Amino acid sequence: MNQPVRTTLQKHSERLVPFVGRGPVDVHRRPRQVALRVGGVVALLVLLLVAGQVLDIARLLTLEEALALAAFAMASNLLIGYGGLVSFGQAAFFGIGSYTVALGWLHWQLSFWLALVIAPLIGGAVAGIIGLLALRSRRLYFALLTLAFSQLCYVLAQERYTFTQGANGVIGPMLPDSLIDPRHAYLFVLAVAAAAALVLWKITTSPFGLVLRATRENRERMQALGVNVFGHQLLAFVISGAFCSLAGVLFVVYSQSAYPELLDWTQSGYAVYMVVIGGMFTFLGPALGAGVYTFANQYLAQHTSDWQLILGLILLVIVLFRPDGLAGLLSPRPWRSAARRLQARFGQQEDSTTDTTDPDRTTGELP
Amino acid sequence: MRTLILDVVGILATAGSLFIVSSGLTLVFGAMRLINVAHGSFYMLGAFVMTTVAANSAGARFWVAVAAATVVVAVLSVVVEVSVMRRIYASDHLTHLLATFAVSLIVADLALRVWGSGGRSVREPSVATGAVSLGGATFPAYDLVLIAAAFAVGLGLWLLLTRTPFGWRIRAAVDDPELLSCTGTRLSLLRTGVFMLGAALAAFAGALVSPQVTVAPGMDTAIIVSAFIVAVIGGLGSIPGAALGALIIGVAETLGASYAPSWSSSFMYLAMIAVLVMLPSGLLGRAER
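Chains as they are written, first to last, in numbering that gives the first Met the number 0: chain A, 0 to 366; chain B, 0 to 288.
Note that these hints are calculated values from the structure, not bench results.
Incorrect hints may appear among the rest.
Okay, the calculated beta carbon distance ranges per label pair [to be verified]: (1) A/58 with B/137: 34 to 44 Å; (2) B/181 with A/37: 55 to 65 Å; (3) A/132 with B/187: 35 to 45 Å; (4) B/140 with A/216: 51 to 61 Å; (5) A/58 with B/63: 44 to 54 Å; (6) A/301 with B/120: 26 to 36 Å; (7) B/1 with A/301: 49 to 59 Å; (8) A/58 with B/285: 46 to 56 Å.
To list a few chain B residues with every Cβ distance to chain A over 10 Å, as calculated [claimed, not checked]: (9) 93; (10) 109; (11) 134; (12) 153; (13) 157; (14) 165; (15) 170; (16) 188; (17) 246; (18) 275.
Everything numeric in this text was worked out from a predicted model, so none of it was measured.
Every residue, glycine too, gets a C-beta built ideally from N, C-alpha and C.
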């Protein structure tokens, strides 16, 4: 992006401030909140680093899978939460990332490190082509078009037997020697996922991210302001595709294989699932959702055959009663509003700090 | 001539079963703007109930089983509608997708519990076993049952929507639900009825195709994608559109399977992409409000 475009975007972002405060993150935070937030993230990273040293291998592998899926969910949330574009085809890019490593190794003895660089480029390029066509339609039809494209990729992965080895998938020693040790592999996945999260965070808080959120809130108004809505959405689609691809590469480090189910629509469904149960209105919510999903999945699969039932019930409860997800449950706001309701009912008016006009309260409305 | 007859029968049989499933999907969408991902689950449940009731009997019990599957699933769908769908009609498409996706996960799990993970099968009814020869072409007699059922469903839906008060109300609900409720129609009851009808159509299709496929878990996620493609190509909400979409997919699948077998599954998705890129609301659909 060249310089003049950036400055126009920045101009837009200034005009936007009054009505993007309602989005997943606030533009102007008080220093204390920033310190709290940075402290929390550092604590989380330290916790994950320590976990990499003390956990047993089985749990470590689950955590590694959760990290790869967290990157996938956060990348998907750039579209779903920030852009208001519900894509049911992000699995295509996830699978493309995995298959770049696997097929590169199978056919051309491509080094893993090279594949790590190439995969996001391929994912982004494919996302560019799909986005050009899919973003012409809106809402439901957009979801269905992305679904059709990802199913096309799924079918191709399954049927081009000579190239992809079909339904069996590609299995083999495709990882470099330095990633054979599970603890090293874990640290690598953690580092890449954290870096990806940082870049995504920067993108969501950049002028571009603000404009994207504003197009979610009011597309017509953005158009009237002279914003190229299609261009912004396309760029968001490409960025999301590239990061989903990167997450796919991380998944290969965990699974050491690539198989067609990675591109199936149910995989895209699980990405949306993680985003929604974690909380689509927060940046780290989807990562939380990925963690809950992976561990619940793992734990339930060991102890009960009804894991689908339980995951389905969790999703149903969240969709019906808490559309802002688990992260929304963790934030103090719902508790505050519950307290306010209690106060209203019992007529006490002592706590005046609970301001009724909470400007960035995310209501139950979904984009 | 021989291959032509074979192709036509193959196309119509494939299109027939697809039409029955997608007509239910598109009916529910048209009347309630509800995206029902759990539609595939009703289809699978229909097939499972069919395998239990028919119990490999080829006689009259086959037809009893078809009716039983349809009725049992219709009753179940009322439970789903009252407990879940009623709460989300006012929400947006994402909520619809997610809530019905959740229902489909739950149903898949319960079906796995009841019927297990193995494949099950049903024998064709004795009136339609074996093969039929026509103009030198030989094809399964059961294909004719599927074609006849599709025509019956199409005719039945047309009569229902154009000749009965219930159908008039459904069509009125598509255009202006508020005005309809002002005229004294209970919208909640009407919606339950439409949802039940949609689920019954899915179950009917599932029961009817059960002799030709292996009834197993995973049927739900497989059929829902095809059903969506058919409905979307025709235009969501349009029943003639569903028929047209089913025919297009029938042609793509049948001809694809005979002339380019290793690419056959791709045609379906390519057809949908091509139609949606050129006509964003499908062939006969109306632009979304």
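Evaluation of the provided hints:
1. A/58 with B/137: 34 to 44 Å: violated, 59 Å
2. B/181 with A/37: 55 to 65 Å: holds, 56 Å
3. A/132 with B/187: 35 to 45 Å: Roughly 39 Å apart at Cβ, these two residues keep to the hinted range, so it holds.
4. B/140 with A/216: 51 to 61 Å: The hint (51 to 61 Å, Cβ to Cβ) holds, given that residue 140 of chain B and residue 216 of chain A are roughly 59 Å apart.
5. A/58 with B/63: 44 to 54 Å: 53 Å Cβ-Cβ, so the 44 to 54 Å window holds.
6. A/301 with B/120: 26 to 36 Å: With Cβ atoms ~32 Å apart, the hint holds.
7. B/1 with A/301: 49 to 59 Å: holds, 56 Å
8. A/58 with B/285: 46 to 56 Å: For residue 285 of chain B against residue 58 of chain A, whose Cβ atoms are near 53 Å apart, the range 46 to 56 Å holds.
9. 93: violated, 5 Å
10. 109: Given that some Cβ of chain A is not farther than 10 Å from that of residue 109 of chain B, nearest at about 7 Å, it is violated.
11. 134: holds, 33 Å
12. 153: holds, 24 Å
13. 157: holds, 26 Å
14. 165: holds, 26 Å
15. 170: holds, 21 Å
16. 188: At roughly 21 Å from the nearest Cβ of chain A, residue 188 of chain B sits farther out than 10 Å, so the non-interface label holds.
17. 246: holds, 18 Å
18. 275: With a cut-off of 10 Å, residue 275 of chain B comes too close to chain A, as the shortest Cβ separation is near 5 Å.
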